[in-house]
Amino acid sequence: MNAVGWGIMISAVGGISALFSWCIWRVMRAPQDHLEVPFEELAPDADTEE
Amino acid sequence: MTASAPESRQTWGTRTGVILAVIGSAVGLGNFLRFPGVAAANGGGAFMIPYVVAFVVVGLPIAWVEWSMGRYGGRKGFNSAAGIYRAACGGRSGPAYCGVLALLIPVIIYMYYLSVEAWCLGYAWHYWSGGMSHTVSTAMQTAAEADPSLTNAELHAAGVSAANSYLVDFAGMDGDFNILRRFASGAAPFILICFVLNFLLIWRGLNKGIEWFCRWAMPALIVCSLIILVRVLTLGDPQGAQQQVVYHPASELADHQRAPDLPDITVEGLGTLAPTTVTGTVDSGLGFMWNPVGHRLVEGNPVDGGEPIRVVTAVGFWQALLTPSTWLAAAGQIFFSLSVGLGVILTYASYSRRRDDIALSSLTAATGNGFFEVALAGMMVLPAAFIFVPIGQIVDAGERASSLSLGFFALPGVFENMPAGHFFGGLFFFLLFLAAVTSSLSMLQPAIAFLEEGLGLRRHASVAILGVLTGIGAGFVALISTGATVLDHMDFWITNFAIFIMALIQVILFSWVVGADKGLKELADGAQMPIPRWLKPMLTYVTPTFLLVIFISWIWTQATSDHSSKYFDALRSNPVVQGTIAFMILVALFFLLLIHEAIQRWKRQDAVHQGAQP
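Heads up: the sequence lines are chains A and B, in that order. In terms of the numbering used here, the first sequence is residues 1 to 50. In terms of the numbering used here, the second sequence is residues 1 to 614.
Zero decoy hints are in this set.
Under 7 Å between C-beta atoms, here's a sample of chain B residues computed to sit facing chain A: (1) L286; (2) W290; (3) N291; (4) L360; (5) L363; (6) T367; (7) G370.
These are calculated hints, taken from the structure and not from any lab test. Keep in mind the model is a prediction, meaning the values are calculated, not measured. Heads up, the beta-carbon is just placed ideally off N, CA and C, and yes, glycines get one too.
So that you can see chain A by itself, here it is in the shape it has in the complex (with noise of 0.2 Å):
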């Protein structure tokens, strides 16, 4: 391989596995957590009736 196809693997690699990482951390501290509850407990949503 030469030089300029390691700067475009490692450039798309690695773009993506950062862009891919970033959306993971900011999906793990999104205040959303408290919604993971089991679906058997999940009541109807409100918001249906409109």
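Place chain B on chain A using the hints.
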């Protein structure tokens, strides 16, 4: 909005669950088998430029469209495209009929995807149980004993041919109904297992079925991928590696770069080409995938006379980038890979709750899919294949963009030449099987959702009806199996034609009927990331234009290219192909009829709902 909402509706149990389910829907055979071949054939590293552009212009915007419309529809009590489009367009019936594509596409894909999924499971089983012992090496040894003068490349070609015959035998491609004649040794038991497994999981419901399976299958998929990746990258310079021959313009090669004993050739339009050889190593395999050089199969005449030969020629960076087919291939790969334009994301997103973040979830799912495709599959499949498989066979597989065959005819030889190859072969095909199941599950949910909300059926009744319908279709694909013609043509028309139309309809509905401002407001509701300001002009003007240009170019390519127009020619001359198209039209009409019935039902509900209001 006019239709009445159900008393309760399903929602995803966890945010992690929905993201894993959507990534699972997107990550499939297209990532592991299709992407590497298409990339290498269309510019290698240069392919990544149109690939990224297509991701930004088409993939991500349409994914956001589907998530926004899906969650909006879900809030109104709808989980199918027909209901969602009707709700989003103020209760108008016309857009609801467009939802037929969102039922047809996933259901038809499921019918043939099931066969490929079963092949993956069957291959995994055969590797681990010893059924695929030395298929390729035995063929190579037999060929060498029969003709000691055969070159290394010819011996490897014999090995690949044996692997191809194994697949033909296993899948019954050598004759209709052969899959029944060799029931026990062929793919039939695995098709039945996969069919039952899919419907068992769907039967269990959204949370206990799809979400539960994806929560353990996706991490398992990553672990399997990493194990295979490490194994491939540590192959180094193994014994039995290919001397790959690539032709370049003769004027660009110095004498010491030319392969001795191989003739120069002349190719119309390209002039005189001279051969070079590259030894199959991991490094050169990675270069085959990532160097900004495309590879095409061309037919040329040896300058010293003799029969025309087909060889692989290198295509330079700018030449690859300025070729329309490279951009078409990139856009096609994004569609296929991200599962946009299938109607699946629309349905999955409808199970989100009002204040769930969909912008970041969508981006996470899209980048997760890209991670599997670029960072795992792009580093694994082609470098391994390049070492042991003749380069012409690899490029040929990549040029046949709808083909997923690379893994089945090329990789068995790779695993036989690897230490502990049977373990890793089984692991690889089990990985493909997991990826396929998470995708095939997602293809059933849109139709289930429609049958439930459109016809008022209970889930188990919906599952039973869909089971009968897909059973007929899957049986059609598996039994009329000569040359995999049914499978190939279903795949061609759905992935090249129907998905594009569906994506275009969605963008137009979102931007021009519902209104981009209203749609983007829905996307921003609960978003934990800023919505890019360029998204509105992109969705209003750039994406529809890009899609139209692709479609027109595609039609032009089909009309003028000998290689691709075989699908159009077969429509006129092949009764099996005509039967396949007729079957798909019948399924579409069946769904249209059901949508019509559903619309009448929703109108009656609206009337009752409005009558009940003061």
